[in-house]
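Protein chains in written order, with this note's numbering: chain C, 1 to 307; chain F, 1001 to 1307; chain D, 2001 to 2307; chain B, 3001 to 3307.
Note that these hints are calculated values from the structure, not bench results. Built from N, CA and C at the ideal position, the CB exists for glycine as well. Among these hints, one or two may not hold up.
What the hints assert, rightly or not - Label-pair distances were calculated between CB atoms; the ranges are:
#1 GLY2130(D) to GLY1022(F): 39 to 47 Å
#2 ILE1268(F) to GLN31(C): 57 to 65 Å
#3 PRO3030(B) to PRO1143(F): 47 to 55 Å
Claimed, not checked - Straight-line Cα separation of at most 30 Å, DSS-like style, residue types lysine-lysine; simulated pairs:
#4 LYS1250(F) to LYS1228(F)
#5 LYS114(C) to LYS2250(D)
#6 LYS114(C) to LYS3250(B)
#7 LYS3228(B) to LYS228(C)
#8 LYS2250(D) to LYS3228(B)
#9 LYS3295(B) to LYS3040(B)
#10 LYS250(C) to LYS3114(B)
#11 LYS3114(B) to LYS1114(F)
#12 LYS114(C) to LYS1250(F)
Number of protein chains: 4
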Amino acid sequence: MSQPLRLSGLVAATYTPLHADGSVHWERIPQFVEDLIQRKIVGLYVLGSTGEGISLTTTERCDVAAQFVEAADGRIPVIVQVGSECVAASRQLADHAESVGAAGISAVSPVYFKPDSVSTLVETMAEIAGGAPSLPFYYYHIPSITGVALNMVEFLETGAERIPNLAGLKFTSQNLFEFQQCVEWNNQQMEIFWGVDEMLLPGLACGARGAVGSTYNYASSIYHRLLKAFAEGDLQEARRWQACSQLLVKTFLPFGPRAAQKAIMSMIGLDAGPCRWPNRNLTPAQYEQLREQLKSIGFFEWQELTP
Amino acid sequence: MSQPLRLSGLVAATYTPLHADGSVHWERIPQFVEDLIQRKIVGLYVLGSTGEGISLTTTERCDVAAQFVEAADGRIPVIVQVGSECVAASRQLADHAESVGAAGISAVSPVYFKPDSVSTLVETMAEIAGGAPSLPFYYYHIPSITGVALNMVEFLETGAERIPNLAGLKFTSQNLFEFQQCVEWNNQQMEIFWGVDEMLLPGLACGARGAVGSTYNYASSIYHRLLKAFAEGDLQEARRWQACSQLLVKTFLPFGPRAAQKAIMSMIGLDAGPCRWPNRNLTPAQYEQLREQLKSIGFFEWQELTP
Amino acid sequence: MSQPLRLSGLVAATYTPLHADGSVHWERIPQFVEDLIQRKIVGLYVLGSTGEGISLTTTERCDVAAQFVEAADGRIPVIVQVGSECVAASRQLADHAESVGAAGISAVSPVYFKPDSVSTLVETMAEIAGGAPSLPFYYYHIPSITGVALNMVEFLETGAERIPNLAGLKFTSQNLFEFQQCVEWNNQQMEIFWGVDEMLLPGLACGARGAVGSTYNYASSIYHRLLKAFAEGDLQEARRWQACSQLLVKTFLPFGPRAAQKAIMSMIGLDAGPCRWPNRNLTPAQYEQLREQLKSIGFFEWQELTP
Amino acid sequence: MSQPLRLSGLVAATYTPLHADGSVHWERIPQFVEDLIQRKIVGLYVLGSTGEGISLTTTERCDVAAQFVEAADGRIPVIVQVGSECVAASRQLADHAESVGAAGISAVSPVYFKPDSVSTLVETMAEIAGGAPSLPFYYYHIPSITGVALNMVEFLETGAERIPNLAGLKFTSQNLFEFQQCVEWNNQQMEIFWGVDEMLLPGLACGARGAVGSTYNYASSIYHRLLKAFAEGDLQEARRWQACSQLLVKTFLPFGPRAAQKAIMSMIGLDAGPCRWPNRNLTPAQYEQLREQLKSIGFFEWQELTP
């Protein structure tokens, strides 16, 4: 029941569409899901960093999760990110996600108070994972945001004993030394999602199968080509597509990664609306500047490629 | 209406008493408040870092705030800390605190997503402060936890224009260079609470009037003596009491500041219960070890001093 | 012989005057020393961060140290900073400083490889201090630059056993919690120089006697007034002069602290020349801009005050 | 003349052999070089982090560099790392290396004072590289040690204009996003050595040709197998050898990377002696413990493999 999902391919870290006033734009969720299915996305990771889960109220998080599950309608699995500063609230979110039919649960560490050791992190995650005991649970490792830079191999070792439904990690760090060890840990017992889009190729070289990311929402075509080249052993071709991905990321990063990517979604007809505070949105001038830069790197032509 | 409170003396950053199972121990709140009033505490700062506000659910935060206000019953002002990762939730908490009779509002920055500039922080706080427009609002600056190390003089400059009820800061940083500038800013327009107990004396030297801290809950007697000596110009005597405070802090820090201080509360008959995850509680052996160490530095005799 | 110097008052962290081509401007050293003596400076701390010791060759460091000692000619003591990445070289520099008549030695930690513990730092400093066994040795603690943030109370405890000529610290950190403990350690056995000019007042409140700093080279008059007011128990007046100091620091910091202060020296007729790479010098336009800002805060009038 | 060396394969970051008293053990240098040539190492990178260049005196650095060049005797190229805190000294070291026949120069950034921008770093490196104008110059990027985390693509863009002999980078960071961009920059104009041994495979996937590292001194056999598997397109086999490398690194890291690796050298008959302070050496008990652990992972059998 709580076995790893064993996804292979691109998992979209979905955006939460908002109205201009910051409220959730519910009607857009089914539209986004349909688009992602057409893009041959193999799973959805909702309410993570990309989905601004942490910036939504508990009620909104429940409703957004339910809406994505309903829209996916069993065609692709939905993993719900339930991490927050309050472990009790996260456990309730896990319970709710299980009740509405999520396929998996994931949680980031509390950040305000930081676990002081691997065992504290494991206890904290055990509390959350226990809210959805029938579902596979993935710890969301993103030390650049959380500042929780504990060793993930040790987390798996301790966690596998303590958390019955521990299924793996969402691994968002450049540390491929640690990533490869996690992938291979205990005969590949765990499912380790790779979470750095602009380093998908080296992630694959180290054993990644499923990758969760934000750019897969709107640039899936170049990553499908990367995956295909890699599968065929053509690393030079794979590097070529990875370079496109890197050019894309390099282009939007200076505008603020959250808001810039929501702007990109709008530019291709998938209006995700603004970000919530404390993420600052692009000014109209910045929006146009970003569009021009994306045009000059050929981004909009990638949309024409077959998925 | 939303003028600074202009408190002079010790403000307790209150503990949120919990049962052994982690649920809120409501009956203890009035007991704590009576004790603090007897200790000549001049105000309460509830649901901050000490009160684990961020580790409680939104409902619990509302109820704890209301309970403290009711227990204080107008005898001393209650400032409610409403900061969280979700600005919308924080604004609701501010609105609720205003409705139940809080005397002031305070908020820490979101931490998961960090404001990228002073102006973004100001916009974020404006959103929260707007939930309680009739109350003075204090931004809670604690960069060692939040990683938001923006310049507070610039915050006051920008914030005074944009946030009608901005009344000052809770300043928890060793940076007395910045603190003194904030105190003196615009003819001392703002109220800057000093938040580093083990550095109260240098804080006073730089112009602090009100100080918010956790150790004032259980070691107020030494700080009252420090304040008295300082008022009388006897810095040597003030240093002597500050040294007691430093010895105390040095003693409990290795046990983890949150859980160790809750243990200290219990040791003097004010059972605050455990901390919530991810703060790890003391083992019984650690509890005894801490008690022995406190005994050897004379801590328990300080309780016998007149407040 | 290697007793603490027990200096009380302002110790100048001297500049190393350079020619426009970056070579040492030897003739300026005596001029600087005379000026500092007129300013009632009670000691010289040469080749520290202000003196760019680390950016000079070993030969240059020897010669600069000797030159300052000769110019001081016994009127005020000279402490020579000998820290570097290479412990063997630092030991040689200590030996040389002793041989030319320095009054004390100081050393910063290696930075490229960082000591992994207090005991490693103590061993490293023991090696250096052993080069000048007849002179008092002061460890130079400046964690904002070195990243070596080990506890200084523990350093004193371990170091006092292991380093016969350990005399104290140059303490350049805002952490007055730790500073006060160091001052009071073992019945004030050690001499702890306070190293944060813009926080001199709170340093004094915590027990500082001697203070080492760069701004004392050119703004001594305001600090002498601060010291006088403090000695007379007039903290409000002391804060007023500290505020001048803070305004000064706030003004030059955005230009880069090293190069901006060398520019300030030139503006008052003490041409210190440029900094060496990797410190970037001010453009002529920046130089004029800084001069204008200093004029508007009244800096140049401070020069007219009696020392 | 100053064209990139275009090395393909393993470049050893050599150890500087020391006597027990810390002085350089000159006789060992030729022995080490012969061993490395037998291991099919394609180049030597001397006096970097592994070689403790920064912990040696300027005179020692000159002599060690000359000794390595003489021992290599033109059979494999020697790159000399000349970075230090003092740019003038580094320039002299570059000049000396050129005069004794080094094949290339490399320099790390000053660390005590950090360049405030890419252009400042470029100016600083231009000054150093100018000391050996006939040799290719490689900036040594190792932000985990230096704290200088400037963007390397921008460094290449600015540096290519300003530094005539700029030939590339030694890139020691997990950031393969940036690495791949550097490799591909301006039609692969630059030579970017990959510097993370435990991530060699993902480095190769991103386009690495030459790799500089410390473990190649004593575990070359597993890396040659990794390289062969990669060249044949057998990524699974390559991962298997990378896993061996990761197990090795994971084993010695807790003992302190510098001293532990010098101990490993001794265990296989290449006595490198101790490290200098502030690197702490292994106790005899730790040495035995490390040997046991290495035995249990099969390390000593790797020495039997044909290179």
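Right, here's what the structure says about each hint:
1. GLY2130(D) to GLY1022(F): 39 to 47 Å: violated, 56 Å
2. ILE1268(F) to GLN31(C): 57 to 65 Å: Between ILE1268(F) and GLN31(C), where Cβ atoms are some 60 Å apart, the hint holds.
3. PRO3030(B) to PRO1143(F): 47 to 55 Å: holds, 54 Å
4. LYS1250(F) to LYS1228(F): OK: LYS1250(F) and LYS1228(F) at ~23 Å, within 30 Å.
5. LYS114(C) to LYS2250(D): violated, 33 Å
6. LYS114(C) to LYS3250(B): Within the cut-off at roughly 25 Å; holds.
7. LYS3228(B) to LYS228(C): Within the cut-off at roughly 23 Å; holds.
8. LYS2250(D) to LYS3228(B): violated, 59 Å
9. LYS3295(B) to LYS3040(B): The hint holds at about 24 Å.
10. LYS250(C) to LYS3114(B): holds, 25 Å
11. LYS3114(B) to LYS1114(F): holds, 25 Å
12. LYS114(C) to LYS1250(F): holds, 20 Å
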